[in-house]
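Please take these sequences and the hints and turn them into a complete structure.
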Amino acid sequence: MPGILVVAEATEGEIAPISFELIGAAKQLSAEGGGNVSAVIAGDEALAQQLVAGGADQAFAATNPSLQSGLAEAYLPALNAAIQQSGADIVLLGQTSLGRDVGPALAFANQTAVAMDTVELKLEGGRLHATRNAYGGNARAQVSWKAPLQVATVKAKSFDAPEGVSGSGGVTAIAEGGDPTVKVLGKEKAETTGIRLEDAGIVVSGGRGLGDPSAFGLLEQLAATMKQAAVGASRAACDLGWYPPAQQVGLTGKTVSPNLYIAVAISGASQHMAGMAGSKNIVAINKDADANMVKVSKFAVVDDYKKVIPALIEEIKKLG
Amino acid sequence: MNIIVCVKQIPDPETPAASFKVDEAAKKVIPAQGIAPVVNPFDPQATEAALRLKDAAGGGTVTVISLGPDSARDAIKHALAMGADEGVLLSDPGFDGIDNFQTAVALAKAIEKVGEYDLILMGRQAADWDMGVVPAGVGQILGIPVVTVAKAIENSNGTLKVERVLDDGFQTVEVPTPAIVSISNEFGEPRYPQLRQIMLAAKKTVQVWSAADLGLDGDQTGAANRWLPLEALYVPKVESNVEIIEGDSPEEKAKNLAQKLRAAKLI
Ligand SMILES: Cc1cc2nc3c(=O)[nH]c(=O)nc-3n(C[C@H](O)[C@H](O)[C@H](O)COP(=O)(O)OP(=O)(O)OC[C@H]3O[C@@H](n4cnc5c(N)ncnc54)[C@H](O)[C@@H]3O)c2cc1C
Ligand SMILES: Nc1ncnc2c1ncn2[C@@H]1O[C@H](COP(=O)(O)O)[C@@H](O)[C@H]1O
Numbered sequence: 001m002p003g004i005l006v007v008a009e010a011t012e013g014e015i016a017p018i019s020f021e022l023i024g025a026a027k028q029l030s031a032e033g034g035g036n037v038s039a040v041i042a043g044d045e046a047l048a049q050q051l052v053a054g055g056a057d058q059a060f061a062a063t064n065p066s067l068q069s070g071l072a073e074a075y076l077p078a079l080n081a082a083i084q085q086s087g088a089d090i091v092l093l094g095q096t097s098l099g100r101d102v103g104p105a106l107a108f109a110n111q112t113a114v115a116m117d118t119v120e121l122k123l124e125g126g127r128l129h130a131t132r133n134a135y136g137g138n139a140r141a142q143v144s145w146k147a148p149l150q151v152a153t154v155k156a157k158s159f160d161a162p163e164g165v166s167g168s169g170g171v172t173a174i175a176e177g178g179d180p181t182v183k184v185l186g187k188e189k190a191e192t193t194g195i196r197l198e199d200a201g202i203v204v205s206g207g208r209g210l211g212d213p214s215a216f217g218l219l220e221q222l223a224a225t226m227k228q229a230a231v232g233a234s235r236a237a238c239d240l241g242w243y244p245p246a247q248q249v250g251l252t253g254k255t256v257s258p259n260l261y262i263a264v265a266i267s268g269a270s271q272h273m274a275g276m277a278g279s280k281n282i283v284a285i286n287k288d289a290d291a292n293m294v295k296v297s298k299f300a301v302v303d304d305y306k307k308v309i310p311a312l313i314e315e316i317k318k319l320g
Numbered sequence: 001m002n003i004i005v006c007v008k009q010i011p012d013p014e015t016p017a018a019s020f021k022v023d024e025a026a027k028k029v030i031p032a033q034g035i036a037p038v039v040n041p042f043d044p045q046a047t048e049a050a051l052r053l054k055d056a057a058g059g060g061t062v063t064v065i066s067l068g069p070d071s072a073r074d075a076i077k078h079a080l081a082m083g084a085d086e087g088v089l090l091s092d093p094g095f096d097g098i099d100n101f102q103t104a105v106a107l108a109k110a111i112e113k114v115g116e117y118d119l120i121l122m123g124r125q126a127a128d129w130d131m132g133v134v135p136a137g138v139g140q141i142l143g144i145p146v147v148t149v150a151k152a153i154e155n156s157n158g159t160l161k162v163e164r165v166l167d168d169g170f171q172t173v174e175v176p177t178p179a180i181v182s183i184s185n186e187f188g189e190p191r192y193p194q195l196r197q198i199m200l201a202a203k204k205t206v207q208v209w210s211a212a213d214l215g216l217d218g219d220q221t222g223a224a225n226r227w228l229p230l231e232a233l234y235v236p237k238v239e240s241n242v243e244i245i246e247g248d249s250p251e252e253k254a255k256n257l258a259q260k261l262r263a264a265k266l267i
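For the record, the sequence lines run as chains A and B. So the first sequence is numbered by the numbering used here: it starts at 1 and just counts up by one. So the second sequence is numbered by the numbering used here: it starts at 1 and just counts up by one.
No lab work stands behind these hints: they were computed from the structure. Watch out, some of these pointers could steer you wrong.
Once the Cα atoms are required to be at most 27 Å apart in a straight line, the calculated DSSO-like pairs of lysine-lysine come out as [as the list claims (entries may be wrong)]:
1) B/K265 with A/K280
2) A/K146 with B/K109
3) A/K280 with A/K317
4) A/K306 with B/K109
5) A/K122 with A/K146
6) A/K295 with B/K260
7) A/K227 with B/K265
Under 7 Å between C-beta atoms, here's a sample of chain A residues computed to sit facing chain B [unchecked claim]:
8) S97
9) A105
10) A109
11) N110
12) G136
13) V143
14) K146
15) D179
16) K183
17) G186
18) A190
19) L260
20) A300
21) V301
22) K307
23) L312
No residue lacks a Cβ here, since even glycine has one placed at the ideal position from N, Cα and C.
Here is the structure:
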């Protein structure tokens with residue numbers, strides 16, 4: 001019996017949205033003949049129960065405290081136990097800090113490959129085929145696996161969470177955990193004010209072309225005139241220390257798909273697009289008419305942001 | 001402190017989308033005209049980390065390894081010009097078209113052949129395939145701990161303190177050596193090699209090891225033996241339907257944009 005194992009994750013006791021997106025992906029594969037959907041999460045049975053309520057056929061609570069480190073070494077024994085008990089031949093993780101660390105280690109430990117950052121999955125003849133971005137998003141690659149176990153990480157916002165379909169199975173506790181050689185000394189949470197970037201309906205992002213970190217204050221003012229808006233940044237702006245790395249949008253940052261994405265002084269490099277190309281409506285504010293961001297946008301203002309943004313804030317306030 | 005750094009030569013990841021082309025039949029990227037390949041941007045940062053740790057330890061050897069075509073010599077020379085001591089090129093016709101998993105196997109063999117090391121440094125991911133799997137792979141094969149996506153490393157008497165970049169902040173971990181650490185861009189800018197160093201590096205010999213030198217069998221190399229077979233490679237289509245907002249002044253354009261956004265119920 002084949003099966004799909006979803007590696008779910010939680011932040012501060014709350015299941016992360018990517019976990020339900022993974023269950024959504026797994027249910028699609030299940031409908032294509034992939035077998036049962038199991039889900040595993042580091043935490044107690046009550047937390048794991050929420051995965052069943054969210055659509056998994058059964059769930060595992062990986063209760064060993066070592067897993068709280070979020071590190072591959074601690075996760076591997078529990079995940080291998082979950083693979084064994086569920087009989088899964090497909091393992092899906094999120095393309096998150098956890099998935100980036102655990103996915104490759106899990107694959108190599110099982111002498112198989114992992115496809116990172118997949119955006120489409122399909123089952124053909126009982127075997128998985130995945131599509132993923134490569135070359136910063138300039139190319140798409142379709143891949144399959146040679147070994148029996150198929151491991152993939154899935155990009156955020158690539159699949160919808162299942163709706164109103166609770167599973168019927170139970171929750172099993174898994175006690176396995178490592179005595180990791182990598183020890184966690186501490187964690188520093190990035191300061192976030194207001195709505196989370198990934199949950200925002202509107203994202204205003206700034207790039208290197210802002211020329212000066214204080215311009216992010218202006219973007220925050222713009223965001224404040226709109227409902228459900230958050231401020232993001234390009235990697236170039238983050239690397240310059242103008243905005244925290246946790247607010248970086250792109251291939252190596254956050255994936256967002258808001259209804260409205262306003263890119264201010266961002267050129268639209270493929271690696272930035274990889275994190276926001278799914279936005280429903282893109283607005284570019286850029287002084288270069290040939291910038292890629294202008295080409296992919298719905299509306300573009302080709303001018304100096306220093307003049308455009310203050311006037312935009314004024315006008316939006318006036319419109320009320 | 002003896003450190004091994006793995007560096008990869010890749011097509012320039014800043015190649016504009018318009019110049020990026022793929023040979024769909026061969027499932028390969030066509031090198032863009034006039035755009036030279038570069039060292040994977042995270043790898044000079046790994047080299048920088050190695051040089052600083054060696055200095056802090058008061059000595060040791062930094063050995064650079066690259067698997068790739070003959071041109072990958074340039075990636076090694078770049079690291080030597082930065083200050084690395086030794087270079088090894090893994091070169092074999094059987095390496096053409098292999099995947100990240102086969103690469104990890106070959107690199108692990110090469111690292112065992114180098115022999116003595118306290119630390120292996122790599123980039124968080126190679127910006128060609130954007131996988132980020134080789135560090136974990138080499139760690140699993142060699143049976144040593146791996147710490148991924150690091151922005152800072154400190155060494156005190158064989159124990160490393162590593163700061164990792166997470167989705168929602170930072171995490172500090174401690175790991176005994178020997179270990180593997182992969183470096184992220186938050187580490188900061190690497191040093192830029194000076195002309196004199198570039199000239200000295202040009203004179204250094206780079207050892208070349210073949211698949212046979214590494215003890216690899218025929219079924220471990222070659223595109224046909226990929227762990228993750230590549231079924232298709234193509235450039236996704238992007239359409240441009242942009243409406244450039246008109247106006248006589250930036251202020252008027254801003255006003256018109258606000259009204260368009262309101263009319264489209266986007267704000
Ligand atoms: C492996 C890898 C991963 C990466 N991951 C990411 C990632 O996750 N996220 C990311 O963003 N990048 C990422 N990058 C970097 C990416 O390739 C680009 O270098 C980066 O996105 C460029 O940022 P930018 O658009 O802010 O800067 P630039 O490309 O320098 O663009 C600045 C823009 O501002 C405009 N401008 C200048 N002045 C003004 C003005 N006064 N008014 C209006 N417009 C103005 C310019 O016309 C230009 O278009 C990655 C790169 C690699 C190799
Ligand atoms: N062909 C290669 N030669 C040397 N090092 C490599 C090679 N491929 C990957 N690496 C190392 O592994 C890191 C991650 O690469 P990857 O897992 O392929 O994304 C890179 O930043 C390099 O440090």
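> Which hint numbers does the structure go against, in order from smallest to largest?
Replying inline: When the structure is compared with the hints, numbers 4, 11, 15 turn out to be violated.
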